[in-house]
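S.K.: Those sequence lines, one after another, are chains A, B, C, D, E and F.
Each residue of the first sequence is one higher than the one before, starting from 1019 at the first, in the numbering used here.
Each residue of the second sequence is one higher than the one before, starting from 1019 at the first, in the numbering used here.
Each residue of the third sequence is one higher than the one before, starting from 1019 at the first, in the numbering used here.
Each residue of the fourth sequence is one higher than the one before, starting from 1019 at the first, in the numbering used here.
Each residue of the fifth sequence is one higher than the one before, starting from 1019 at the first, in the numbering used here.
Each residue of the sixth sequence is one higher than the one before, starting from 1019 at the first, in the numbering used here.
If you are wondering where the hints come from, they were derived from the structure by calculation, not from laboratory data.
Mixed in with the good hints, there may be bad ones.
The list treats identical chains as interchangeable, and a pair is accepted whether it falls inside one copy or across any two copies.
Taking lysine-lysine and the BS3-like style, the derived pairs with C-alpha atoms no more than 25 Å apart in a straight line are [claimed, not checked]:
| hint | residue 1 | residue 2 |
| --- | --- | --- |
| 1 | Lys-1157 | Lys-1210 |
| 2 | Lys-1240 | Lys-1250 |
| 3 | Lys-1187 | Lys-1210 |
| 4 | Lys-1187 | Lys-1240 |
| 5 | Lys-1240 | Lys-1210 |
| 6 | Lys-1240 | Lys-1157 |
| 7 | Lys-1210 | Lys-1250 |
| 8 | Lys-1157 | Lys-1250 |
| 9 | Lys-1187 | Lys-1157 |
Okay, here's what each chain looks like letter by letter:
Number of protein chains: 6
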Amino acid sequence: MRILLVNPNSTASMTEQAHRSAERVAAPTTLVEAVNPTTSPTSIEGHADEAMAVPAMLAEIRAGEARGIDAYVIACFDDPGLGAAREIASGPVIGICQAAIQVAMNIATRFSIITTLPRSVPIIEDLVDAYGAGHRCRKVRSVDMPVLALEEDLAHTEEMLVREILRAKQDDGAEAIILGCAGMSELCDRLKLRTGMPVIDGVTAAIKLAEALVGAGYSTSKVGAYDYPRVKSAAVARPVDAVA
Amino acid sequence: MRILLVNPNSTASMTEQAHRSAERVAAPTTLVEAVNPTTSPTSIEGHADEAMAVPAMLAEIRAGEARGIDAYVIACFDDPGLGAAREIASGPVIGICQAAIQVAMNIATRFSIITTLPRSVPIIEDLVDAYGAGHRCRKVRSVDMPVLALEEDLAHTEEMLVREILRAKQDDGAEAIILGCAGMSELCDRLKLRTGMPVIDGVTAAIKLAEALVGAGYSTSKVGAYDYPRVKSAAVARPVDAVA
Amino acid sequence: MRILLVNPNSTASMTEQAHRSAERVAAPTTLVEAVNPTTSPTSIEGHADEAMAVPAMLAEIRAGEARGIDAYVIACFDDPGLGAAREIASGPVIGICQAAIQVAMNIATRFSIITTLPRSVPIIEDLVDAYGAGHRCRKVRSVDMPVLALEEDLAHTEEMLVREILRAKQDDGAEAIILGCAGMSELCDRLKLRTGMPVIDGVTAAIKLAEALVGAGYSTSKVGAYDYPRVKSAAVARPVDAVA
Amino acid sequence: MRILLVNPNSTASMTEQAHRSAERVAAPTTLVEAVNPTTSPTSIEGHADEAMAVPAMLAEIRAGEARGIDAYVIACFDDPGLGAAREIASGPVIGICQAAIQVAMNIATRFSIITTLPRSVPIIEDLVDAYGAGHRCRKVRSVDMPVLALEEDLAHTEEMLVREILRAKQDDGAEAIILGCAGMSELCDRLKLRTGMPVIDGVTAAIKLAEALVGAGYSTSKVGAYDYPRVKSAAVARPVDAVA
Amino acid sequence: MRILLVNPNSTASMTEQAHRSAERVAAPTTLVEAVNPTTSPTSIEGHADEAMAVPAMLAEIRAGEARGIDAYVIACFDDPGLGAAREIASGPVIGICQAAIQVAMNIATRFSIITTLPRSVPIIEDLVDAYGAGHRCRKVRSVDMPVLALEEDLAHTEEMLVREILRAKQDDGAEAIILGCAGMSELCDRLKLRTGMPVIDGVTAAIKLAEALVGAGYSTSKVGAYDYPRVKSAAVARPVDAVA
Amino acid sequence: MRILLVNPNSTASMTEQAHRSAERVAAPTTLVEAVNPTTSPTSIEGHADEAMAVPAMLAEIRAGEARGIDAYVIACFDDPGLGAAREIASGPVIGICQAAIQVAMNIATRFSIITTLPRSVPIIEDLVDAYGAGHRCRKVRSVDMPVLALEEDLAHTEEMLVREILRAKQDDGAEAIILGCAGMSELCDRLKLRTGMPVIDGVTAAIKLAEALVGAGYSTSKVGAYDYPRVKSAAVARPVDAVA
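Extracted from the complex, chain A is given alone in its bound form (with noise of 0.2 Å):
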């Protein structure tokens, strides 16, 4: 089966970082394919970098459709446009965060989730009752630093997660880590072996959810809420600048 990831944001080495990620885990019978738009915010750090990228995003997803792309994974932590996403694609869409979430709920009673700035905290605080785990989320916390730092010295951003994994841990009775930024996938594996903890990282679980639902037959339904959107008379359209 053929997945599409897609980077909301526009900065083509977290593409590349997710990539990676997602090829480590995917089925050999997988082809994951992985793009940006070029247009959208360079990174996405609250609700109107969300806004602005999704357009993008979907453009992307419309391009997989018409070459056949079997699921799609939305790889930003703020899992933006997911219900758009749902509407226009044929095949299931899954976004990385509620992935996440569903694989913890799996494994764990309590977690707690990691993310890059404070601003992000309420956003995905706010996913996670969505998402109907407000009971297991210990709490959202936040290193502090913002999405493109992430990859500038992946030692200290190594640090500054372990320091804030082992808090949760101590404090939160956290039983396993979240991950809440796509641009924390690589660094997956050494932290679950630093700390000790399982260490959930949404884009591995985002590809693996894909698959399963393809391969057990399960695509978004048509029925309702996600439904292709209706055809509106004709539109005057002419473009819109999509920089903040």
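Assemble chains B, C, D, E and F onto chain A, guided by the hints.
M.R.: Same frame as chain A, but now just chains B, C, D, E and F:
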């Protein structure tokens, strides 16, 4: 004060209708301007429509910022891009769904909402939960009419709504009704008269709520998740076609 | 329009202070009257105080009805007797706690509340839940000062509040602060200035919300639980001593 | 031990009826006294009635304290003034609604409540939520009879209740029924017999629960929100007319 | 009446300790019998222990049914097999966790629970939610002692509990404390004395609650989920080794 | 990888049916083994059945551990003993109810569940809440057929299910259907075809989810509540008769 009412869809007649409702209730010292983008879908009936409309809506808000608008009203019952709008605007931003629900929670113990298409029902239910009114909302109902059909035959639309309101009163035990689409705004008074039920139009609720916040000196907090978007390093920005 | 601000406790200085705050924000066309009963407890710091204060408060509202008041504000952060007041009044009744929370939910994603005594914290937490803001409220804090002590030494009260607000900002991740007692109203602006946080005073929020509802033509639903009280067969009525 | 059953309304026949139910189940060593004020509304059917009744109810409890009552039962299904009563009493105070719900949660997984007037339904629903039984309560139903009408024609009242109970069994999937008004107490056994459903009367539940708490040595915590009311500086106390 | 207190673990000293607590509060007309299986784990500290203990516990209940027991108390704070027990017994079955929580909700607005091992904390938190006390429970704490260690050095156990209770009072704002293990039962009175906090022992709470239900004539509903187990076609029954 | 599908009841035909469903979707590199105990009830239709089945189910899992099974699927829609299984197994354990719900939450906004007997409905509703899908699940329905009756007349069972699915689509607004019993597994594809609704079979969902977790390297956290059971001092172990 100056309030900008933004209709996120591109149908000017809907903008005009909402503008009339807004001006009927605005204070003498309030100037209500009303705009809609030209590049967004002609109506918003689902997640994808929302996503495609929001960037153009944000552009209108940025333009409003440039000319000193004091507060904004998003005149679409999905409250699309509300968080994004609150990030980029300095003044408060009110969504008509949230406003209507807040009014309802002051004047009744239980209410029902009547919207256009069935596919919009889960979207609105999720908003009700997000706004904390899950226990107060009896039911979200649909008259099964597309948004743009509302104004085709106002008499017919009125009949459909009266019928649904009476069902809500009889079967749900609703004490107040919220109109679940900006396009129903102009029928509000007639519906009150014909059904004897309090009927809440989010447009008028939002305009007055915007006046209230500005009048009391309350504006969006720039501490945290609604802070202005972070300035990113230069993004490669190319126009993206906003039409689905 | 005419708004009656009712302070349910019998301390006139608190009524005057709230009246000043109200008049600072009221529209030019709004006349704010302020009253307090003489037979209720001097301050409301618990369930029993609330209970003893409410009948006298309702008497003030009935008197207001007799002279054509358009809307009422209950100026006590416990929102005591809110449902009862909504039953007997024809115009809308706003509680300052509900109003403050509704403002907070429009301008921030997370907020904390600071109130007077520790014993009031659970009461306010329950109101937060009742008003649907449980997920948005980070913490209800207390400066451990009796209500009447607030105005003894305003400078000291201000220090206590500044300290608690900074803790809320630092430790709770609050994006806005709600003052949890009508008696803190006059310090609102200074607190904003000194802390750099949006600080919400329920009195001003409620006055403007009352104006908003009346201005938009929304009034308490008389269908259902807020209907006028049923007329009973003649009751044997003898005065009851309202002092605890 | 001595339990004081307080009927907050002023209708002596209802007090006597509740007293008979209480005495039927009380332990041999328990003395049940029953009182009602004379100055409160003749029935409690809404928020305003509750508010007007509570001070007189508290006066009865204070009188009980003076003569060494061990525990109190508030015999009105709205549990009016429960928090206030818990503050002023040294012994435990049980509300018949909370007691009935606690019994139901021990003997069934799902239950429905049947009360008097439709306007009381939201009030009781909110109590169900406050007592944490929201997920267990299938429905709060109403036989649309005023409280005082219950005892006018007991046979008719019984028919109405039987019919509603059978609907609850059939349509709600209820496994137990709670009688939502103290005035239904005397019909409890006949209703069980005729419907084959477990039927819970809050009066008997509360009397036994009060015995249980006193017997086990558990009393209201005076640490926190149920502490005795703070003594205030001298209030100007003048009688207030308690009749709505 | 005859109440059977079943300790699901196989440690007789714990059964005796619980029996003593029960008898201290039981009514003169109540006979409390206490048993424990011999084939279950020596203590219950996790899901697997619960699972291995429940069949033997149910066997004790069936034996109780054979000799006419009126009600049952499950003396393990995990309330293991509570639903199963309610199915097979004719009389009511009370779990000590549910009983303790119900008492707490009558005597305080907020409480904390103190249990044995950290691994039991999520299990108890989930019970708190299931019993509807999520908003009332401040925190579930652990003294990090295995169940069987409690009785090794009672003085030491008492110190650990006093320390944790004072933390709960100071840091959680708890108004009452629930002892989160049947094995703490005998220390209840001393803990009350030393800390000045209301301390609730589920064993005594459950015994009295069982008396209350039987005394009021309320028994498990056999309509629905607690009905007697369906009789199946002949099963091939062979003994299974209950030791993990 | 090797997955052990454990049917907790003792009916081999059900195990075989589930095995066939599992093998239809398993990856080529996955070996699915299927077992059922011989000493557990022939079907699981309530809490007592669950309790009697779990120890024997755990024994199968321990045997699986001994032979190096990578992951387990509990093939009973009550997810009995899920926590216990997660404690004793090293690899992940998936319950078919949790798996089905997680799939549903990825492909629809609202779904309904159809199970066998009415008495199972509250049990499943509680699982839905525990798994955080309370707001997404429209209704848990029952076709009022005992578990073992499902395979007596497959055509009849199919008719019953089709009818109930169409009701769920029509009346509940369900966008997807979950089959609420492992015994319905083999009808899944036919039901999809006949109703046009996405129908989710927990068995296939769980097998693929197990593959996903193992493939991504995620396993049950042994930090906290799912840690291996503590080793106790020697217990006196005697066989216990597992038949209810």
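S.K.: If a hint holds in the structure, say so; if it doesn't, say that too.
M.R.: We went through each hint and held it up to the structure:
1. Lys-1157 with Lys-1210: within (19 Å within a copy, 29 Å between copies)
2. Lys-1240 with Lys-1250: within (18 Å within a copy, 38 Å between copies)
3. Lys-1187 with Lys-1210: within (12 Å within a copy, 32 Å between copies)
4. Lys-1187 with Lys-1240: Classified as between: cross-chain Cα gap 12 Å, same-chain 41 Å, threshold 25 Å.
5. Lys-1240 with Lys-1210: between (39 Å within a copy, 13 Å between copies)
6. Lys-1240 with Lys-1157: between (35 Å within a copy, 19 Å between copies)
7. Lys-1210 with Lys-1250: Neither way: Lys-1210 and Lys-1250 sit 50 Å apart in one copy and 30 Å across, limit 25 Å.
8. Lys-1157 with Lys-1250: Classified as neither: same-chain Cα gap 43 Å, cross-chain 28 Å, threshold 25 Å.
9. Lys-1187 with Lys-1157: Answer is both; intra-copy 11 Å and inter-copy 17 Å each pass.
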